[in-house]
Every structure is written in structure tokens, then in C-alpha cells.
Amino acid sequence: MTAQNATGNLALPVRIRRLLLLGLLLLLAVAASLTIGSSGLGLSALQGADEERRALLAVIVDLRLPRALAALAVGALLALAGCLQQLLLRNPLADPYILGTSGGASVGALLALWLGAGALLVNLAAGLGALTSIVVVFALAGRDHSTTQARLLLTGVAVAAFCGAVSSLLLSLAPDGLLRGMVFWLLGDLAGAGWQSAALALAGVLGLALWLAPALNILGMGLQHSYSLGLSVHTLRWIVYGLAALATAAAVTTAGMIGFVGLIVPHALRLWLGQDLRVLLPAAALGGGLVLLLADLLARTALAPQQLPVGAVMGLMGVPVFLWLLQQRAGRAC
Amino acid sequence: MLSAHGLALQQGERGLLAGLELAIAPGEGWLILGENGSGKSTLLAALAGWHLPVAGEVRLDGVRLPAVPRRQRARQLAWQTQQDEQAFPQSVLERVLSGRYPYRTHWQWESAADHALALQQLARLDLAGLAGRDLATLSGGERRRVAMATALVQQADCLLLDEPLSQLDLRHQQQALQVLAEEVAGGRAVVLVSHDPNHARGFATHALLLFGDGRWLAGPVADVLSTENLGALYHHPVRALQADGGRWFVPA
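So the protein sequences, as listed, match chains R and D. This note's numbering puts the first residue of the first sequence at 1, with every later residue one more than the last. This note's numbering puts the first residue of the second sequence at 1, with every later residue one more than the last.
Derived by calculation from the structure, the hints in this document are not laboratory data. Hints may be right or wrong, so weigh each one.
[As the list claims (entries may be wrong)] The following label-pair restraints were derived from C-beta to C-beta distances:
id, chain 1, residue 1, chain 2, residue 2, range
1, R, ARG17, D, ARG104, 40 to 50 Å
2, R, LEU140, D, GLU35, 35 to 45 Å
3, D, ARG104, R, LEU208, 17 to 27 Å
4, R, LEU208, D, HIS115, 24 to 34 Å
5, D, VAL63, R, LEU208, 28 to 38 Å
6, D, ASP213, R, PHE162, 44 to 54 Å
7, R, LEU208, D, ALA123, 34 to 44 Å
Where is the CB? At the ideal position from N, CA and C, for every residue including glycine.
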């Protein structure tokens with residue numbers, strides 16, 4: 001943990017090695033999630049009869065692979081969103097859901113479920129809801145040029161609270177027959193999640209965020225300092241907000257509300273790798289994918305054949321880890 | 001190099017400064033004095049282009065400041081504020097290296113030359129041993145020196161420094177003044193906000209007094225820094241003591 005060079009920063013090769021280690025762990029987790037499952041078909045089926053082999057391949061290619069890809073993309077999106085949100089709000093403990101993007105998505109999805117829409121329409125409605133909340137927050141706080149950004153935070157939190165109230169209202173008014181589906185959507189679930197749009201969003205957000213990483217590093221040191229160094233701070237801040245909101249919207253639209261990935265992964269990786277976003281952003285994408293993939297593996301195997309909502313598993317695993325991290329940092333203002 | 005023309009500043013509803021005419025040339029050291037709330041920091045923010053004046057304009061080499069390309073401005077003008085926020089863990093060296101940002105091409109890791117320059121500036125302010133420390137573990141005065149080292153690493157033609165000496169102990173104040181005097185002698189312009197008129201002795205060629213009600217007085221140190229002017233500025237009588245071939249201002 002203390003491989004530091006003379007200047008106290010983790011040497012670049014050390015950080016790159018740790019990044020590669022994360023990638024390796026991710027590959028192992030993918031392999032595990034493709035081979036372990038609740039179907040009762042083991043790898044031994046590959047030596048078995050033709051029929052058995054085909055059944056296993058079908059399970060792997062049609063069920064496990066898309067689900068693993070969805071978990072990777074959603075986890076990576078949430079961790080990236082968390083990283084960017086923490087940078088934007090200058091608070092290492094901010095969460096991708098704090099500014100109401102996911103609240104908007106929930107309202108959209110619940111409304112669509114209530115109207116009896118199919119999965120595709122529900123996802124579309126969730127995306128529309130998220131987009132609406134992004135536009136509302138931007139319209140209300142877009143001219144907040146204060147150094148504290150209090151207006152952005154308060155506006156986002158208020159929008160989130162409003163969306164929460166609307167969601168509760170929808171749940172309480174919904175007929176019993178629909179309630180189970182709505183609650184499960186809110187809990188977050190990767191079963192049947194399409195990975196394509198999430199992967200596309202991930203490529204876009206990660207690409208742009210990485211490209212901006214050197215400027216974002218400066219932005220994290222304060223608005224006035226960034227201005228003095230020649231950054232277009234207000235434009236850059238709204239790009240960060242846009243990227244974080246887009247990543248959150250894509251994640252929530254794909255898999256519902258999965259908590260804590262966006263909070264814990266960036267925080268833990270920052271302790272391990274430092275704050276340099278040129279390393280931290282790709283690490284967050286890898287780490288977020290890894291953590292959610294493992295949580296999903298647990299969700300679908302722990303009580304097999306019963307499948308648990310991955311959001312609940314993530315919370316069960318995540319909260320203790322988060323509290324432990326907080327204890328570790330108790331000596332420091334964080 | 002940096003000039004103000006008919007500059008008027010307001011903070012909220014309060015008028016701080018009106019009709020300021022200022023021309024800061026290379027090799028000049030300016031000391032800005034005034035009571036609390038007289039608009040010193042606001043003026044510095046306006047000279048940096050961050051705070052927008054209600055009237056008048058700031059020019060950099062004759063060009064209106066908002067029209068100067070941001071990167072070019074950052075190479076000519078360094079602005080150190082009073083607050084330094086520290087939201088994320090960061091080492092002293094990382095912070096100081098950020099001063100090289102205006103010179104890096106996009107997505108370039110910091111070069112060996114950047115590191116050498118950063119360590120050199122840290123050493124000038126007695127911070128060489130702290131390069132690897134986390135900023136959060138430093139004292140207030142140490143953090144002020146890190147901020148000043150960052151401004152120096154920016155290698156701008158003009159340094160705007162907001163109370164860089166306020167939390168420094170006696171030795172480090174003298175050391176910092178010595179560094180600023182070297183920068184001024186080397187042809188940089190230094191604009192420094194302070195509460196101590198005696199800081200002028202270290203480096204200043206000019207002084208600017210802000211009376212907080214719109215009035216101001218600017219000129220060479222010898223003309224502006226007098227017991228009458230300082231007494232009027234602080235609403236408290238000031239005496240001058242002669243020692244070491246110069247004047248020291250003390251409250252009467």
C-alpha cells in the first residue's frame with residue numbers, strides 16, 4: 001500500500017499495475033459468472049452429449065453473457081457517474097443519485113409500468129424521466145456561478161425529493177397486481193436487461209471523461225484556481241454534470257435503482273490509487289463493473305434457483321463496506 | 001502590462017471602488033492596503049478577470065481581459081486567492097505541479113522539467129521537505145506557502161497574490177518577501193494584498209490604498225505610504241519610526 005516514490009505520490013508504474021490488476025480480476029469475474037449459475041448445468045456438460053452441450057452453450061450465450069455484459073456496463077456507468085458527481089459537488093461522498101436523475105427515471109418507469117407498458121417502453125420512459133430531471137435541474141440552477149455550487153446541490157436534492165414523493169404516490173395508488181413489478185424495478189434487477197444501450201453510453205461517457213481528465217484534475221482543486229490556470233470552469237462544470245447525469249440515466253434505465261456502487265467504488269479506489277482522474281476514471285469503470293458483476297453472481301446463486309434483486313444484494317454488501325471505509329477515515333475530514 | 005480603466009467595483013449592493021485608474025508595469029511591486037471589507041480581494045479578483053466590474057475594464061497588454069484567450073491569460077496572469085479548498089486527498093507536489101497546466105499540451109503527463117521547476121519553487125519557500133505530504137496535513141501557514149509556490153510555478157508575467165503572508169511566521173514572511181523581491185527584480189509584476197504597510201519594504205515599488213467608500217490612492221511607495229495617508233486609511237493614528245535607514249509604520 002505504501003509504494004511511494006521520493007515525492008510521496010504513488011509512482012505511475014505502480015498505479016498502472018494496479019489498474020491492470022483490476023482488469024485481470026474483472027476477466028476472472030466474467031469467467032466465473034459465465035460458468036456458474038442456477039441452471040444445474042456444469043462445465044462437465046461440455047464433455048457430455050451433443051444435446052447437453054448445446055443447452056449449456058445456449059444458457060451461456062443467451063442468458064449469462066448478456067447479463068454479465070449488462071452488469072459490467074451498468075456498474076461501470078454508476079461508478080463513473082459517482083466519480084464525476086463527487087468532482088462536481090467537491091464532495092468525496094456524493095452519490096450518482098443525489099441530484100435527482102435517478103428519481104426522474106423512477107417516476108418515468110413507474111408510470112409506464114402502471115400503464116401496462118412492455119419492457120422496452122418502460123426503459124424508454126425511464127430514460128425520458130431522467131432526461132426531464134436533468135433539464136429541470138439545469139434550467140433552475142444553470143446560472144449558478146457561485147464557488148460553492150450550493151444552488152446546484154439544493155436544486156438537485158429538491159428535485160430528487162419531489163421525484164421520491166411522486167414515486168411513493170404512484171406506488172400507493174397502483175393496483176396490487178402491478179405493485180410487485182414496480183417494487184422490483186425500484187430494487188434494481190439485471191434479469192433480462194439489455195446491455196447494448198448501456199455499453200454505448202459507457203463508451204461515450206468514459207471516452208469523453210478520459211479525454212477531459214487532465215482538465216478535470218484541475219477542476220477538482222477549486223473553481224478559482226482552475227480559472228486562474230485557464231480553464232473554462234462554468235462550461236466544464238456543466239459538461240461534468242451532463243456526463244454524470246447521462247451515465248446515471250443509462251444505468252438506471254438498464255437495471256433500475258442499484259445503490260452504493262457509485263458511492264463506494266470511487267471512494268475505495270481513491271484511497272488505493274489517488275485522486276488523479278487519468279487513472280481513477282478507468283479504474284472506476286473497471287471496479288464498478290467488477291463489483292456489480294460479483295453482486296449479481298451472488299444474487300443469482302446464493303438462494304438458487306430463487307434470484308434476488310441485485311440492488312438489494314449490492315446494498316447488503318455495500319453498506320458494511322462503506323461504513324468500514326468511513327471508520328478508516330474517521331481521523332480525517334472527508 | 002496590466003491596467004485598469006475607470007474601474008468600478010461592487011460587492012452586492014455596496015460600492016467599493018470607483019473610477020480606478022491603474023497601470024502595472026513589469027518589474028513593479030504593488031502593495032494593496034485597506035481595512036477589512038474595503039474591496040482588496042474583490043479588486044484582485046477583478047484584475048484576474050473573475051469578478052466583473054460594474055463599470056470600466058481591465059486590460060492585459062492593452063487587450064480587454066475577457067477577450068484574451070484563456071490559456072494565454074493563464075501564462076501571463078497568476079491569481080492566488082485567500083481560500084484554498086481541499087476536497088480530495090492531494091500531495092503538495094501534485095498541487096504545485098498544477099501550475100504547469102497552461103503549458104502542457106493536452107493529455108501530457110508532467111515532464112521531468114515540470115517536476116524540477118516545482119521542486120525548485122518549493123525549496124525557495126522552505127517547502128522542499130513537504131513535497132510528498134498530503135495538503136490536508138499541513139498547517140494554515142504551510143498551505144499559504146504551497147499556494148504561493150503554485151503561483152510561482154505558473155511562471156506568469158504578473159502575480160496577483162491575496163494575503164499570501166497573513167498566516168506566515170516571522171522568518172517565512174521575510175523569506176517570502178525576499179522571493180517576491182527577486183521576482184520583481186527579475187522583471188515580473190507582483191501585486192500583493194496585505195494588512196501590514198511594512199511589507200512594502202521587502203519588495204514594493206508602488207502602493208494602492210483602498211478606502212472602502214470608492215476612494216483610492218495609488219502611486220510610488222514614497223508618495224503614498226505616509227503617516228497621514230495610513231492614519232486616514234485605518235481610521236487610527238499611525239507613527240513612523242526611523243531604523244535601518246528606512247521608515248517603519250506602527251500604530252500610535
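Verification of the supplied hints:
At roughly 24 Å, the beta-carbon separation of ARG17(R) and ARG104(D) lies outside the given 40 to 50 Å, and the hint is violated. A hinted range of 35 to 45 Å holds for the C-beta pair LEU140(R) and GLU35(D), which are about 38 Å apart. In this structure, ARG104(D) and LEU208(R) meet the distance hint of 17 to 27 Å, their C-beta atoms being roughly 19 Å apart. LEU208(R) and HIS115(D) have their C-beta atoms about 29 Å apart, which keeps the hinted 24 to 34 Å range intact.
Distance hint for VAL63(D) and LEU208(R): a CB-CB separation of about 32 Å, consistent with the stated range 28 to 38 Å. Between ASP213(D) and PHE162(R) the beta carbons are some 46 Å apart, a value that agrees with the proposed interval 44 to 54 Å. Checking the proposed 34 to 44 Å range against LEU208(R) and ALA123(D) shows it holds: the Cβ atoms sit about 39 Å from each other.
Checked against the numbered hints given earlier, the structure breaks only hint 1 and satisfies all the rest.
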